[in-house]
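Asks: Top line first, the protein sequences correspond to chains A and B. Quick note, the first sequence lines up with residues 1 to 167 if you use the numbering used here. Quick note, the second sequence lines up with residues 168 to 381 if you use the numbering used here.
Don't read these hints as lab results, they were simulated from the structure. Among the hints, erroneous ones may be present.
[As the list claims (entries may be wrong)] Below, computed lysine to any residue pairings styled on SDA-like, alpha-carbon distance capped at 20 Å: (1) A:K110 <-> A:L131; (2) B:K260 <-> A:E50; (3) B:K260 <-> A:M1; (4) A:K43 <-> B:R214; (5) B:K260 <-> A:A44; (6) A:K110 <-> A:P124; (7) B:K260 <-> B:A276; (8) B:K332 <-> B:G301; (9) B:K260 <-> A:E47; (10) A:K43 <-> B:E248; (11) A:K43 <-> B:G301; (12) A:K43 <-> A:H28; (13) A:K43 <-> B:Q255; (14) A:K43 <-> B:L216; (15) A:K43 <-> B:H204; (16) A:K43 <-> B:L261; (17) A:K110 <-> A:A149; (18) B:K260 <-> A:R8; (19) A:K43 <-> B:A212; (20) A:K110 <-> A:A56; (21) A:K110 <-> A:A72; (22) A:K43 <-> B:A205; (23) A:K43 <-> B:E237.
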Amino acid sequence: MGKPPFERVVSAHGAVVLRVCRAVLGAHDAEDAWSETFLSALKAYPELPEDAAVQAWLVTIAHRKAIDILRARQRHALPMDELPPRESPLGIPGGGHPEVLDAVGQLPPKQRQAVAYHYLAGLPYKDISELLGVTPEAARRAGADGVKALRAALAEASAPASKGTSR
Amino acid sequence: MNTKPMEDSQMDTEALLPDGFFDGLAEPAPGTLERLHARLAAAAADRQLIDVSYRTVDSPLGRLLLAATERGLVRVAFALEDHDAVLQALADKLGPRILEAPSRLDTTARELEEYFAGTRRSFDVPLDFALSRGFRLSVLEHLPHIAYGSTESYADVAKAAGSPKAVRAVGSACATNPLPVVVPCHRVVRSDGSFGGYLGGPEAKRTLLALEAA
Numbered sequence: 001m002g003k004p005p006f007e008r009v010v011s012a013h014g015a016v017v018l019r020v021c022r023a024v025l026g027a028h029d030a031e032d033a034w035s036e037t038f039l040s041a042l043k044a045y046p047e048l049p050e051d052a053a054v055q056a057w058l059v060t061i062a063h064r065k066a067i068d069i070l071r072a073r074q075r076h077a078l079p080m081d082e083l084p085p086r087e088s089p090l091g092i093p094g095g096g097h098p099e100v101l102d103a104v105g106q107l108p109p110k111q112r113q114a115v116a117y118h119y120l121a122g123l124p125y126k127d128i129s130e131l132l133g134v135t136p137e138a139a140r141r142a143g144a145d146g147v148k149a150l151r152a153a154l155a156e157a158s159a160p161a162s163k164g165t166s167r
Numbered sequence: 168m169n170t171k172p173m174e175d176s177q178m179d180t181e182a183l184l185p186d187g188f189f190d191g192l193a194e195p196a197p198g199t200l201e202r203l204h205a206r207l208a209a210a211a212a213d214r215q216l217i218d219v220s221y222r223t224v225d226s227p228l229g230r231l232l233l234a235a236t237e238r239g240l241v242r243v244a245f246a247l248e249d250h251d252a253v254l255q256a257l258a259d260k261l262g263p264r265i266l267e268a269p270s271r272l273d274t275t276a277r278e279l280e281e282y283f284a285g286t287r288r289s290f291d292v293p294l295d296f297a298l299s300r301g302f303r304l305s306v307l308e309h310l311p312h313i314a315y316g317s318t319e320s321y322a323d324v325a326k327a328a329g330s331p332k333a334v335r336a337v338g339s340a341c342a343t344n345p346l347p348v349v350v351p352c353h354r355v356v357r358s359d360g361s362f363g364g365y366l367g368g369p370e371a372k373r374t375l376l377a378l379e380a381a
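Produce the complete structure using the sequences and hints provided.
Replies: Written out as structure tokens, the structure reads:
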């Protein structure tokens, strides 16, 4: 039995790849990045080795697509860190932290990528270091710094409203 | 709370995160993935990147899987064949670039609906016989010539397909017909008039012959 139908790849990994794209690019450009990622993946799928780690492969493609989009944004003179306005909370069910997406958008790109690839996609820092072209130690530090910054931003955002986290 | 001194291990950084920290990122607006999937299927079809498109339809014979290549309808499968297993077999034989793309099978779905409603007597969607070869292919190519509402015996079909003695081979060609209903193997019955086997089950064959006799 060979590779599963590509539909299975989309249903198994589509949500995670979308989360990663949202973290790296913001909600708006994430959809273009997701589409480009899965279109490229579909094209290359017949050549993918059968024992390949599919999610890591998809994240690698998403990373490249995100860089293309970030470069295009730079060409249009938009600051790299700028994200579209926060989505309506209506789009975010279940009492999560909508401000996290904003906070992630405030991180320097390498921290943002390290956090997305490690915490959302579960990539080991060794793989992330290759994607980012840095040492594994630097990748790990970027992830740790990113999480610290996010935690601080979240504490700040939720304190005045004093909504309280569910206990 | 973790009060250990800074150490960049994964455990330590994860301990800094409250539960559900990424929930706001996790769930985009409902329907987003479905919309992106439809967009992917359309773009992939435009660029001819799909080996097989598929959808399912409900019918009096249960849920049917319909699968098509760019050349035409390549597979119709009954629920009892296990649709996941059928899709895996299609991936192995025709290529793994398989996507659910309902709109590409709209015409087939509509013709089947009309057929089951009794308002259609033959199908005119293009067919892809890529899954059949040799004598089995000759048999399948003959079957659409058996008129709606009539039947032929396995021996009749063997003769028509050019090998009068290959009666058993006609039986196996029908039993492995990749395009049941559309390519009417249900119109092939035993010489004594009994139904014979059917890959959708004997009840399905009875239903189809009764529909066409009405």
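Asks: Please go over all the hints and tell whether each is borne out by the structure.
Replies: Comparing the hints with the structure gives:
no., hint, in the structure
1, A:K110 <-> A:L131, "10 Å, holds"
2, B:K260 <-> A:E50, "16 Å, holds"
3, B:K260 <-> A:M1, "10 Å, holds"
4, A:K43 <-> B:R214, "10 Å, holds"
5, B:K260 <-> A:A44, "18 Å, holds"
6, A:K110 <-> A:P124, "15 Å, holds"
7, B:K260 <-> B:A276, "24 Å, violated"
8, B:K332 <-> B:G301, "16 Å, holds"
9, B:K260 <-> A:E47, "15 Å, holds"
10, A:K43 <-> B:E248, "29 Å, violated"
11, A:K43 <-> B:G301, "32 Å, violated"
12, A:K43 <-> A:H28, "24 Å, violated"
13, A:K43 <-> B:Q255, "18 Å, holds"
14, A:K43 <-> B:L216, "6 Å, holds"
15, A:K43 <-> B:H204, "15 Å, holds"
16, A:K43 <-> B:L261, "15 Å, holds"
17, A:K110 <-> A:A149, "13 Å, holds"
18, B:K260 <-> A:R8, "17 Å, holds"
19, A:K43 <-> B:A212, "11 Å, holds"
20, A:K110 <-> A:A56, "18 Å, holds"
21, A:K110 <-> A:A72, "18 Å, holds"
22, A:K43 <-> B:A205, "17 Å, holds"
23, A:K43 <-> B:E237, "16 Å, holds"
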